[in-house]
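Peer 1: Modelling step: build the complete structure from the supplied sequences, incorporating the hints.
Following this note's numbering, the numbering of the sequence shown begins with 1 at its first residue and continues without gaps.
Just so you know, these hints were derived from the structure itself, not from any lab. Note that the Cβ used here is the ideal one computed from N, Cα and C, for glycine as well. Among the hints, erroneous ones may be present.
[Stated by the list, open to error] Lysine to aspartate or glutamate pairs mimicking EDC-like chemistry, simulated, CA-CA at most 20 Å apart:
| id | residue 1 | residue 2 |
| --- | --- | --- |
| 1 | K74 | D5 |
| 2 | K74 | E10 |
| 3 | K74 | E47 |
[Unchecked claim] Computed beta-carbon distance windows for the label pairs:
| id | residue 1 | residue 2 | range |
| --- | --- | --- | --- |
| 4 | V20 | D61 | 37 to 45 Å |
| 5 | T67 | W34 | 25 to 33 Å |
| 6 | Q6 | H56 | 38 to 46 Å |
| 7 | D61 | H21 | 33 to 41 Å |
| 8 | Y22 | L57 | 42 to 50 Å |
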Amino acid sequence: MPHRDQVFAELHAQGIGVGVHYPPNHLQPAFAAWHRPLPATEEAGQEILTLPFHQHLTDNDIDQVTTALHQALKTAGAASCARS
Numbered sequence: 001m002p003h004r005d006q007v008f009a010e011l012h013a014q015g016i017g018v019g020v021h022y023p024p025n026h027l028q029p030a031f032a033a034w035h036r037p038l039p040a041t042e043e044a045g046q047e048i049l050t051l052p053f054h055q056h057l058t059d060n061d062i063d064q065v066t067t068a069l070h071q072a073l074k075t076a077g078a079a080s081c082a083r084s
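Peer 2: Written out as C-alpha cells, the structure reads:
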C-alpha cells in the first residue's frame, strides 16, 4: 500500500490495532548467508499493513476499520487504493 506509514499512523491514532508484520525473510539476519536482491519482495515488504483480524471482531468493528482505512487512504493521497 502506498503511503503505508501515514495510513498506519492515522489508523493507530484512531485506536485501530494495525501492525507492520512479515518483513521479507531474505532480509532477516538468520538468512544473511543466502541474501540476494529480491526487488518485488522488498517492495511488498515496505507496503504491507496488517489490519485487525480475529474471531471476536463484530460487524461494527469491521465497519469502523474499513471506514477508517478508506478515510486514511484518501487523506494519504492513495485514493486509487481506496474503494468508494
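Peer 1: Against each hint, give a clear statement of whether it holds in the structure.
Peer 2: Comparing the hints with the structure gives:
no.	hint	verdict
1	K74 to D5	holds, 14 Å
2	K74 to E10	holds, 11 Å
3	K74 to E47	holds, 16 Å
4	V20 to D61: 37 to 45 Å	violated, 20 Å
5	T67 to W34: 25 to 33 Å	violated, 43 Å
6	Q6 to H56: 38 to 46 Å	violated, 28 Å
7	D61 to H21: 33 to 41 Å	violated, 19 Å
8	Y22 to L57: 42 to 50 Å	violated, 20 Å
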